[in-house]
Amino acid sequence: MAISYSWKITQMTKKTVGDNENVVLHVRWELTGTESTTGTSGKFVGATPLDFDSSSTDEFVQYGDLTEETVIGWIQNVVVDGYWDHVVEKITEEIEKVDDPIDEVLEEALPWSTGSADVTPVPDPADV
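Numbering (this note's numbering) for the sequence shown: 297 to 424.
Be aware that one or more of the hints could be misleading.
Distance condition first, Cα-Cα at most 35 Å in a straight line; then the derived DSBU-like pairs of lysine-lysine [as the list claims (entries may be wrong)]:
hint, residue 1, residue 2
1, K393, K339
2, K311, K339
3, K304, K393
4, K339, K304
5, K393, K311
6, K304, K386
In short, the hints are calculated from the structure, not lab data.
Produce the complete structure using the sequences and hints provided.
Here you go:
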């Protein structure tokens, strides 16, 4: 199964920290995985807090200069190094539910249940 991934930022939380305005402290995001053969997609929705060190602002990016790619890079640093396997597992499970579904059969639909509409009656040999 070959899956391609697409990141999307859906929300950010920001506040003033020291002399720095609009510091992004929390990001909500989605990662969509699409299976290349079937085109089936699965999605993982996440939320990631970000650390900000106000004593080291050399790499600080002004809020107006942020791009989605920059913020996605921040998220990837946390997710890929932390819980990437879990994210991929959940996306893969969603894809498999569509591409290789499992049917649950309730008690009333079991082959031996008398109330089952799916039961094929066996002819009585006396009637043949």
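Against the structure, the hints come out as follows:
1. K393 - K339: 12 Å, holds
2. K311 - K339: 29 Å, holds
3. K304 - K393: The given pair, whose Cα atoms are some 23 Å apart, holds under the 35 Å limit.
4. K339 - K304: 11 Å, holds
5. K393 - K311: Violated - the C-alpha atoms of K311 and K393 are around 40 Å apart, more than 35 Å.
6. K304 - K386: 17 Å, holds
Violated hint: 5 only; the structure is consistent with all others.
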